[in-house]
Amino acid sequence: SVSAQITSTDNSIGTLCCITTDSCSSNFNALSTLYNNTGGSNTWVTKENWLSTEEPCPDGEWSDVTCSGSEVVSLSLSMNSLTGTIPSQLSQLTSLTSFSIFSNYLSGSLVSQLGQLTQLSTFNLNTNSLNGSLPSQLGQLTAMSQHFYFYKNSFRGSIPSEIGQLTLVTDYFDLYENYFLSGSLPSQLGQIAVKTAFRIFSNQFSGNLPS
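Under the working numbering, the first residue of the sequence shown is numbered 6, with each subsequent residue one higher.
Everything labelled a hint here was simulated from the structure, so no lab data went into it.
A virtual CB, placed ideally from N, CA and C, is assigned to each residue, including glycine.
Hints may be right or wrong, so weigh each one.
[As the list claims (entries may be wrong)] For each label pair, taking beta carbons as the anchor points, the in silico distance ranges come out as:
{"#": "1", "residue 1": "Phe185", "residue 2": "Pro63", "range": "34 to 44 angstroms"}
{"#": "2", "residue 1": "Glu53", "residue 2": "Ser31", "range": "17 to 27 angstroms"}
{"#": "3", "residue 1": "Ser189", "residue 2": "Thr48", "range": "31 to 41 angstroms"}
{"#": "4", "residue 1": "Tyr184", "residue 2": "Glu60", "range": "37 to 47 angstroms"}
{"#": "5", "residue 1": "Ser192", "residue 2": "Thr147", "range": "17 to 27 angstroms"}
{"#": "6", "residue 1": "Gln118", "residue 2": "Gln196", "range": "20 to 30 angstroms"}
{"#": "7", "residue 1": "Pro215", "residue 2": "Pro63", "range": "38 to 48 angstroms"}
{"#": "8", "residue 1": "Glu53", "residue 2": "Gln209", "range": "38 to 48 angstroms"}
{"#": "9", "residue 1": "Gly74", "residue 2": "Ser166", "range": "29 to 39 angstroms"}
Please construct the entire structure, taking both the sequences and the accompanying hints into account.
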């Protein structure tokens, strides 16, 4: 069998060895990569039981992780002093419906693989230092119905027309205070049926408002 080892530098968590690649599940692979990429052993404020077991589920094993059966359905790591970048391995959490990591110190660009999280209804990335362009693959998140919070970052470039495919967003669609988003607004944004707030101010958009 092929063996894999995940080692933490945090003595309170220790070392976890997976016997085979099968036992290192997609849940473990995704979350351990997130932990190691974002300063888990150094900067995280809350991290109880992270990497202490081969599986984050059932509920109560790893802090801020919510499960349904054996599947991770929610990550709530906001205001937890995360640093670094969001890894592409998060796309393995295909049952994720809520992902909240606002008010941290995350940087770098968003990977296109996040578009594979097609069960997401809430996506909260606001108040970080994320940059680069918005991937067009975000338009694949067609189950998004509650919160699309991408405000107070440093995203740049134009809004992809594919974002207009998020037609179920009814609560909040927020891209304000990114300052570097630019270009004309795609007409497809008119397909988003937001009822509470659609906020894109404090950017560098140009041209006319789509009819």
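Query raised in the report: Can you list which hints this structure breaks, lowest number first?
Result: Per hint list: zero violations.
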